[in-house]
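There are 4 protein chains.
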Amino acid sequence: MAKTQIAIISTGGTIEKTYSEMDGILHNQFSVLDVMLARLQLEGVELVRVPLMKKDSLDLTTEHMTLIAQTAGSMAQTHDGVVIVHGTDRLSETGERCVELLSTPPVPIVLTGAMKPYMMRNTDAMQNLTESLLAVQLLPPGIYCAIHNKVLQFPGVSKDRARGTFV
Amino acid sequence: MAKTQIAIISTGGTIEKTYSEMDGILHNQFSVLDVMLARLQLEGVELVRVPLMKKDSLDLTTEHMTLIAQTAGSMAQTHDGVVIVHGTDRLSETGERCVELLSTPPVPIVLTGAMKPYMMRNTDAMQNLTESLLAVQLLPPGIYCAIHNKVLQFPGVSKDRARGTFV
Amino acid sequence: MAKTQIAIISTGGTIEKTYSEMDGILHNQFSVLDVMLARLQLEGVELVRVPLMKKDSLDLTTEHMTLIAQTAGSMAQTHDGVVIVHGTDRLSETGERCVELLSTPPVPIVLTGAMKPYMMRNTDAMQNLTESLLAVQLLPPGIYCAIHNKVLQFPGVSKDRARGTFV
Amino acid sequence: MAKTQIAIISTGGTIEKTYSEMDGILHNQFSVLDVMLARLQLEGVELVRVPLMKKDSLDLTTEHMTLIAQTAGSMAQTHDGVVIVHGTDRLSETGERCVELLSTPPVPIVLTGAMKPYMMRNTDAMQNLTESLLAVQLLPPGIYCAIHNKVLQFPGVSKDRARGTFV
Numbered sequence: 001m002a003k004t005q006i007a008i009i010s011t012g013g014t015i016e017k018t019y020s021e022m023d024g025i026l027h028n029q030f031s032v033l034d035v036m037l038a039r040l041q042l043e044g045v046e047l048v049r050v051p052l053m054k055k056d057s058l059d060l061t062t063e064h065m066t067l068i069a070q071t072a073g074s075m076a077q078t079h080d081g082v083v084i085v086h087g088t089d090r091l092s093e094t095g096e097r098c099v100e101l102l103s104t105p106p107v108p109i110v111l112t113g114a115m116k117p118y119m120m121r122n123t124d125a126m127q128n129l130t131e132s133l134l135a136v137q138l139l140p141p142g143i144y145c146a147i148h149n150k151v152l153q154f155p156g157v158s159k160d161r162a163r164g165t166f167v
Numbered sequence: 001m002a003k004t005q006i007a008i009i010s011t012g013g014t015i016e017k018t019y020s021e022m023d024g025i026l027h028n029q030f031s032v033l034d035v036m037l038a039r040l041q042l043e044g045v046e047l048v049r050v051p052l053m054k055k056d057s058l059d060l061t062t063e064h065m066t067l068i069a070q071t072a073g074s075m076a077q078t079h080d081g082v083v084i085v086h087g088t089d090r091l092s093e094t095g096e097r098c099v100e101l102l103s104t105p106p107v108p109i110v111l112t113g114a115m116k117p118y119m120m121r122n123t124d125a126m127q128n129l130t131e132s133l134l135a136v137q138l139l140p141p142g143i144y145c146a147i148h149n150k151v152l153q154f155p156g157v158s159k160d161r162a163r164g165t166f167v
Numbered sequence: 001m002a003k004t005q006i007a008i009i010s011t012g013g014t015i016e017k018t019y020s021e022m023d024g025i026l027h028n029q030f031s032v033l034d035v036m037l038a039r040l041q042l043e044g045v046e047l048v049r050v051p052l053m054k055k056d057s058l059d060l061t062t063e064h065m066t067l068i069a070q071t072a073g074s075m076a077q078t079h080d081g082v083v084i085v086h087g088t089d090r091l092s093e094t095g096e097r098c099v100e101l102l103s104t105p106p107v108p109i110v111l112t113g114a115m116k117p118y119m120m121r122n123t124d125a126m127q128n129l130t131e132s133l134l135a136v137q138l139l140p141p142g143i144y145c146a147i148h149n150k151v152l153q154f155p156g157v158s159k160d161r162a163r164g165t166f167v
Numbered sequence: 001m002a003k004t005q006i007a008i009i010s011t012g013g014t015i016e017k018t019y020s021e022m023d024g025i026l027h028n029q030f031s032v033l034d035v036m037l038a039r040l041q042l043e044g045v046e047l048v049r050v051p052l053m054k055k056d057s058l059d060l061t062t063e064h065m066t067l068i069a070q071t072a073g074s075m076a077q078t079h080d081g082v083v084i085v086h087g088t089d090r091l092s093e094t095g096e097r098c099v100e101l102l103s104t105p106p107v108p109i110v111l112t113g114a115m116k117p118y119m120m121r122n123t124d125a126m127q128n129l130t131e132s133l134l135a136v137q138l139l140p141p142g143i144y145c146a147i148h149n150k151v152l153q154f155p156g157v158s159k160d161r162a163r164g165t166f167v
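Residue numbers (the numbering used here), protein chains in the order written: chain A, 1 to 167; chain B, 1 to 167; chain C, 1 to 167; chain D, 1 to 167.
So that you can see chain A by itself, here it is in the shape it has in the complex:
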């Protein structure tokens, strides 16, 4: 059986932040997504990596979000699904931008991210990445957020900052 062809677009965000010993701060400097992917056994999907940008989502402009949505739209034409790895602070805005630009895409587009960097022991990064890579195989076409064991469909998804999750 042919595996599902999935494009995975990385944009940076907390999930990929690494710690710099020199200044003691967390940065979006390296892509740790490949490290995360190497820890998973992916029998269901074949991945095409699209390393688009490495940004804290608080630094994203409207143009950045449009670029992410357009890239997801292009990938959706030629793959069975698209996963977007994104900072959680602006994830909802990019999801809504996808709805505006793409309406209903031909395949599922799933946005995910993490509240705690992969490099932290108690991270939610592996959980959310695992969920998005399964959800993209099971969902009908549409634009979604898959985080913390829950799938939400855009439009209308927002970050609940007090609880640190999406609703």
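Warning: the hint list may mix true and false statements.
Put simply, identical chains are the same to the list, so a pair is met inside one copy or across any two.
[What the hints assert, rightly or not] In silico SDA-like cross-links for lysine to any residue, where the CA-CA straight-line distance does not exceed 25 Å: (1) Lys55 with Ser20; (2) Lys3 with Ile25; (3) Lys159 with Gln77; (4) Lys3 with Gly164; (5) Lys116 with Leu102; (6) Lys116 with Arg49; (7) Lys116 with Ser74; (8) Lys55 with Val157; (9) Lys159 with Ser103; (10) Lys3 with Pro140; (11) Lys3 with Lys159; (12) Lys55 with Asp23; (13) Lys159 with Gln5; (14) Lys3 with Ala38; (15) Lys159 with Ser20; (16) Lys116 with Pro141; (17) Lys3 with Gln29; (18) Lys54 with Ala38; (19) Lys55 with Met22; (20) Lys3 with Leu101; (21) Lys3 with Gly73; (22) Lys54 with Ser20; (23) Lys116 with Thr104; (24) Lys116 with Pro106; (25) Lys54 with Asp89; (26) Lys54 with Ile25; (27) Lys159 with Leu42; (28) Lys3 with Gly156.
If you're looking for bench data, these hints aren't it; they were derived computationally from the structure.
Since the structure of chain A is already known, use the hints to place chains B, C and D on it.
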């Protein structure tokens, strides 16, 4: 929004094996499922734990498999989904037994397990548990196996021993 | 055989920093030293915990360093050794302050810390804590730094900021 | 300052055991010592790796133990210290064999091992390896065991099987 009510039935298997310093062997002695669950952020499901047995699946008799299938069938009457954590060596047999006894249950029943115990650094346990707890929310009623980023529907699932996964 | 009685003074520092989901920054908010200690099998020492302060060492004043040195001096009167867990940025200054105030104490005083917080996957915290808890049993009286598989004696220890270690 | 030149002899043992998915058993098949060493920041020592054998220590014959002791003796002639990584079940016997063959060597020889394989989450392997690599720099010439935050000198060291440590 009410969370999905999921019954999670544990039966033992490699996923829960722990190392004994005294004899240097891996045993099904303690339930480590609660440790795994505590590491996940479960916003989508509300879990009811059903600790049914603690067995290496090579030690399961036909009666044990019937008991697991019947328990899953009972739980399927009163919950939105059922997850069965099971040893991989006999997971297929228990899945087929579920099909025989339950035909199409009213809600999804998802079997999962691991090729390497949770207690090993390079385990697939968290991945498979995460996947089964998401799949049970997204799938239509039926009996499934969710392991290694792939969902397979019973009947007809088998372990590929050479590759260490399910097909 | 009676275990060696060791006082372990915690002052904060990178080693104990935890990640806040709310603001995405690393803080000295909780004491994670007890978590680290619980992961070690300590057959050689019996520990007395002295949680003195929870500070990034960049925020330490001269008064703070004097307080740490005096506390170490007091503990050195009544224990077989003293370990001080400290931020690396000012560790050398506190070590020199110990030399000024205590000259040669009756037992070894060992300062340690970490370049990367315990909560990071690739931390040096466990290594340095392990080393300091062994060094304090083997060294003659004096004031030392034990980090990165090396023991250095004060006075004259300094942080090599370019290489991220002590020389 | 020149680093201390240390020979590290690996012989197998629980510390290096890995899990085989095929038969579900822990084996001495690969050398995981290099993985462990890569996780440490070793500023104090320069290591020469001597991969002598890969054996569960229950399978060691008298000839094997003599070979280990002789190799340690040779390395002690040309290095500043020797670390022997060994299974704990027969570690005491090999230590005593070193005493018989080498009497007091010109440099410290430190035996270590682990009660739980490195590949287990709750292993004592990193602690014991860290301790032995520091102890070999601080101890006077002699034959020692460094495990669980304690250094013991041969002859007269034995494994306390009930407590899972050395006395």
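Now for the hints, and whether the structure bears them out:
1. Proximity of Lys55 and Ser20 under a CA criterion of 25 Å is satisfied in both settings, with 16 Å inside one chain copy and 19 Å between copies.
2. Within a single copy, Lys3 and Ile25 get their C-alpha atoms no closer than 40 Å, and across copies no closer than 31 Å, so neither meets the 25 Å cut-off.
3. For the identical chains of this complex, Lys159 and Gln77 are neighbours neither inside a copy (28 Å) nor across copies (34 Å), given an alpha-carbon limit of 25 Å.
4. With identical chains, the CA atoms of Lys3 and Gly164 are at most 25 Å apart between copies only, with a shortest distance of 17 Å across copies and 34 Å within one.
5. In this homomeric assembly, Lys116 and Leu102 never come within 25 Å of each other (Cα to Cα): the closest approach is 30 Å inside a single copy and 42 Å across copies.
6. Within a single copy, Lys116 and Arg49 get their C-alpha atoms as close as 22 Å, which meets the 25 Å cut-off; across copies the closest is 27 Å, which misses it.
7. Taking the closest pair of Cα atoms, Lys116 and Ser74 never come within 25 Å of each other, the shortest separation being 30 Å inside a single copy and 38 Å across copies.
8. In this assembly of identical chains, Lys55 and Val157 lie within 25 Å of each other by CA distance solely inside one copy; the values are 21 Å within and 38 Å between copies.
9. Within a single copy, Lys159 and Ser103 get their C-alpha atoms as close as 21 Å, which meets the 25 Å cut-off; across copies the closest is 41 Å, which misses it.
10. In this assembly of identical chains, Lys3 and Pro140 lie within 25 Å of each other by CA distance both inside one copy and across copies; the values are 17 Å within and 21 Å between.
11. Taking the shortest alpha-carbon separations for Lys3 and Lys159, only the inter-copy value of 18 Å comes in at or below 25 Å, while the best intra-copy value is 32 Å.
12. With identical chains, the CA atoms of Lys55 and Asp23 are at most 25 Å apart both within one copy (18 Å) and between copies (16 Å).
13. Taking the shortest Cα distances, Lys159 and Gln5 sit within 25 Å of each other only across copies (23 Å), while inside one copy they are farther apart (29 Å).
14. Within a single copy, Lys3 and Ala38 get their C-alpha atoms as close as 17 Å, which meets the 25 Å cut-off; across copies the closest is 32 Å, which misses it.
15. Within a single copy, Lys159 and Ser20 get their C-alpha atoms only as close as 28 Å, which misses the 25 Å cut-off; across copies the closest is 16 Å, which meets it.
16. When the C-alpha separation of Lys116 and Pro141 is checked against a cutoff of 25 Å, the pair qualifies neither within a copy, at 29 Å, nor between copies, at 34 Å.
17. In the homo-oligomer, the alpha carbons of Lys3 and Gln29 never lie at most 25 Å apart, since the shortest distance is 32 Å inside one protomer and 33 Å across protomers.
18. Proximity of Lys54 to Ala38 under the C-alpha cut-off of 25 Å is restricted to the intra-copy arrangement: shortest distance 19 Å within a copy versus 28 Å between copies.
19. In this homomeric assembly, Lys55 and Met22 come within 25 Å of each other (Cα to Cα) both inside a single copy, at 20 Å, and across copies, at 18 Å.
20. Taking CA atoms no more than 25 Å apart as the test, Lys3 paired with Leu101 passes in neither setting, with 28 Å inside one copy and 31 Å between copies.
21. For the homomeric pair Lys3 and Gly73, the shortest alpha-carbon distance inside one copy (21 Å) is at most 25 Å, but the shortest distance between copies (32 Å) is not.
22. Both within a single protomer and between protomers do Lys54 and Ser20 lie at most 25 Å apart by alpha-carbon distance, with minima of 16 Å and 21 Å respectively.
23. For a Cα distance limit of 25 Å, the shortest separation of Lys116 from Thr104 qualifies neither inside one copy, at 31 Å, nor across copies, at 40 Å.
24. Neither within a single protomer nor between protomers do Lys116 and Pro106 lie at most 25 Å apart by alpha-carbon distance, with minima of 32 Å and 37 Å respectively.
25. In this assembly of identical chains, Lys54 and Asp89 lie within 25 Å of each other by CA distance solely inside one copy; the values are 14 Å within and 29 Å between copies.
26. For the homomeric pair Lys54 and Ile25, the shortest alpha-carbon distances inside one copy (16 Å) and between copies (18 Å) are both at most 25 Å.
27. In this assembly of identical chains, Lys159 and Leu42 lie within 25 Å of each other by CA distance solely across copies; the values are 16 Å between and 29 Å within a copy.
28. Taking the shortest alpha-carbon separations for Lys3 and Gly156, only the inter-copy value of 18 Å comes in at or below 25 Å, while the best intra-copy value is 31 Å.
Figure legend: structure checked against the earlier numbered hints; hints not met, in rising order: 2, 3, 5, 7, 16, 17, 20, 23, 24.
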